[in-house]
Amino acid sequence: MKNHSTGKNRSTRKELIEKGINGIFFLCGLVSVGFVLAISIHLVISGLPAIREIGLVDFLFGAKWLPTATTTEPAFGILPFIMTSIYGTAGAVILGVPLGILTAIFIAKVAPPAMASVMHTAVELLAGIPSVVYGLVGMIVLVPGIQRMFDLSSGATLLAAIVVLSIMILPLIINVSETALRAVPREYEEASLALGATELETFFKVSLPAARSGVAAAVVLGVGRAIGEAMAIIMVSGNVANMPSLLGSVRFMTTAIASEMSYAAAGSLQHQALFSIGLVLFLFIMMINVSLNVFVKGRREND
Amino acid sequence: MDSIMDIRNLNLWYGDHKVLHDISVSLPKNQITALIGPSGCGKSTFLKTLNRMNDLVEGVKITGDVLYNGEDIYDPKLDVTWLRKHIGMVFQKPNPFPMSIYDNIAYGPRVHGITSKVKLDAIVEKSLKDAAIWTEVKDRLNKPALGLSGGQQQRICIARALAVEPDILLMDESTSALDPISTSKIEELALELKKKYTVIMVTHNMQQAVRISDYCAFFLLGDLIEFNKTEDMFSMPKDKRTEDYITGRSG
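Protein chains in written order, with the working numbering: chain A, 1 to 303; chain B, 1001 to 1251.
It should be emphasised that the hints constitute simulated quantities derived from the structure, not laboratory data. All residues carry an ideal CB built from backbone N, CA and C; glycine is no exception. Mixed in with the good hints, there may be bad ones.
Said to hold, decoys possible - FRET-style restraints, in silico, Cβ to Cβ:
id, chain 1, residue 1, chain 2, residue 2, range
1, B, Val1118, A, Ile94, 33 to 39 Å
2, A, Val118, B, His1204, 39 to 45 Å
3, B, His1021, A, Phe204, 37 to 43 Å
4, A, Val118, B, His1021, 36 to 42 Å
5, A, Met119, B, Asp1065, 36 to 42 Å
6, A, Arg182, B, Asp1065, 17 to 23 Å
7, A, His120, B, Lys1138, 41 to 47 Å
8, B, Gly1040, A, Thr198, 28 to 34 Å
9, B, Asp1065, A, Thr198, 23 to 29 Å
10, A, Val294, B, Asn1069, 50 to 56 Å
Claimed, not checked - Heads up, simulated DSSO-like pairs for lysine-lysine below, C-alpha to C-alpha not over 27 Å straight-line:
id, chain 1, residue 1, chain 2, residue 2
11, A, Lys205, B, Lys1129
12, B, Lys1077, A, Lys205
13, A, Lys205, B, Lys1093
14, A, Lys109, B, Lys1061
15, B, Lys1143, A, Lys205
16, B, Lys1119, A, Lys205
Use the sequences and the hints to build the structure in full.
Structure representation (structure tokens):
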């Protein structure tokens, strides 16, 4: 009788502990969800007033950003920032994606194991370099180089930002593509080789298509990284609110917020408009994440 | 007996481990040759030396001669893609590419430079017919090959191998992952294929060897113990070890 009741007590105590621990896990989960919600709500609340005051069309498609103009009417058009962010990201993708994918093929398929492991480590180190260091190196090496090469008054240009961004997204693209390529079953490659295809033909016609959803995810992650970067490019892009041109100084959405937030008067329209830029950027990144999910889901369905 | 491949004093090592010992045999043309023997006897390894798929294994070392129509396939000047175009292979597990049925079959011809849609269409149809799967897939050529059943996938793989018009088809236990009905379809297919091709197959299934092969090679621990006509080997094996294996006393 006594034994039986002890057993019963123990099981309720265990159950209580289980429930308690589950509760703690649940709270931990809530913290990150809570932060996301809080940030989203805050961005919407603080981003909308300026858009309402400036007008959505004038805000998104206005080509002039003169928030502190005194002699003329101040203008709050962020088209230059949006276009710069799109151009900069597209440029980084055009440079970085082919380089990254070819590197991934080399590491995952071609290189002898020892060399692959050295390169893999190097790529991981590249991923670990803080973005401010990228900016610093870009400022010291790249900007003067571009200035001399194109005979400009300043080398701090969109081109410099694109080069820095493309190097920054490389490790992401290489690592994710490499993982996807390594996951391609060896049987596919053997089948291709047994048909008389060369190794290169096999990698490009079988391995890469078989890994395409993973590679697509890598590209989308790279786009997300590039469009959200601020620190490295603020140091090399000249930070002038021009419509983008490859050899002109430009200002991105991210760098506009980072550079003006410190001196915009609290509560002023400029201050509010910076939050609105944040909201636009947030929507861009949301769209990228949604498309990433579509790719990942597509990959699961293919398997 | 007209031979298509002549193997002379073939030895093979994986690192320090010697897997094949001094194999000499001539494989007959337009016949089905079955390679039998217990697991780990070297029969699959032997099969893979015939189209040099062993080249892909790290640390493999091969001595001796493997002649295909009199040509040494391990000659350093030989183009291995040429060899593999002529000696096709079907694997143990069905391994169609994650592409459409059409693209699977057209893969080999495309790699070998055929781009004309008309030609490719004709090759795809002929190969699928030769692999006895045309009627099952002709209305769904653009559907993924991975959506087919295992037995169908294996016949797609056979069609894919036939599409490059090989002389020889190597089959590495190509029915061992299939159900009995699919297996018998592939066996019928093999009998049909030997009219045009030479088939060399590894099998674990001795009934299968008896049912469809003309010649049989028995491997044990890396040695070729006996090579003979299948009916002769199974009715009166010359070697005691062969007899023990085919009667089930060893293996």
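Structure-based check of all given hints:
Range check, B/Val1118 to A/Ile94: Cβ separation about 37 Å, and the 33 to 39 Å hint holds. As the Cβ distance of A/Val118 to B/His1204 is approximately 42 Å, the hint placing it in 39 to 45 Å holds. The given range of 37 to 43 Å is respected by B/His1021 and A/Phe204, whose C-beta atoms sit roughly 40 Å from each other. Judged by the Cβ atoms, the range 36 to 42 Å given for A/Val118 and B/His1021 holds: they are separated by roughly 39 Å.
Hint check: A/Met119 to B/Asp1065, Cβ distance near 39 Å, so the stated range 36 to 42 Å holds. Take A/Arg182 and B/Asp1065: their Cβ atoms lie about 37 Å apart, and the range 17 to 23 Å is violated. Here the CB-CB span from A/His120 to B/Lys1138 is close to 46 Å, well matched to the stated 41 to 47 Å. Between B/Gly1040 and A/Thr198 the beta carbons are some 32 Å apart, a value that agrees with the proposed interval 28 to 34 Å.
For B/Asp1065 and A/Thr198, the Cβ-Cβ distance of about 25 Å falls inside the hinted range of 23 to 29 Å, so the restraint holds. As the Cβ distance of A/Val294 to B/Asn1069 is approximately 53 Å, the hint placing it in 50 to 56 Å holds. Simply put, A/Lys205 and B/Lys1129 have alpha-carbon atoms about 25 Å apart, close enough for the 27 Å limit, and the pair holds. At roughly 26 Å between alpha-carbon atoms, B/Lys1077 and A/Lys205 fall within 27 Å of each other, so this suggested pair holds.
Distance check on the hinted pair: A/Lys205 and B/Lys1093 sit about 21 Å apart at the alpha-carbon level, within 27 Å; holds. Distance hint between A/Lys109 and B/Lys1061 is fulfilled; the C-alpha atoms sit about 22 Å from each other, no more than 27 Å. Restraint check: the Cα-Cα separation between B/Lys1143 and A/Lys205 comes to about 18 Å, which is no more than 27 Å; the hinted pair holds. Distance check on the hinted pair: B/Lys1119 and A/Lys205 sit about 20 Å apart at the alpha-carbon level, within 27 Å; holds.
When the structure is compared with the earlier hints, a violation turns up for hint 6 alone.
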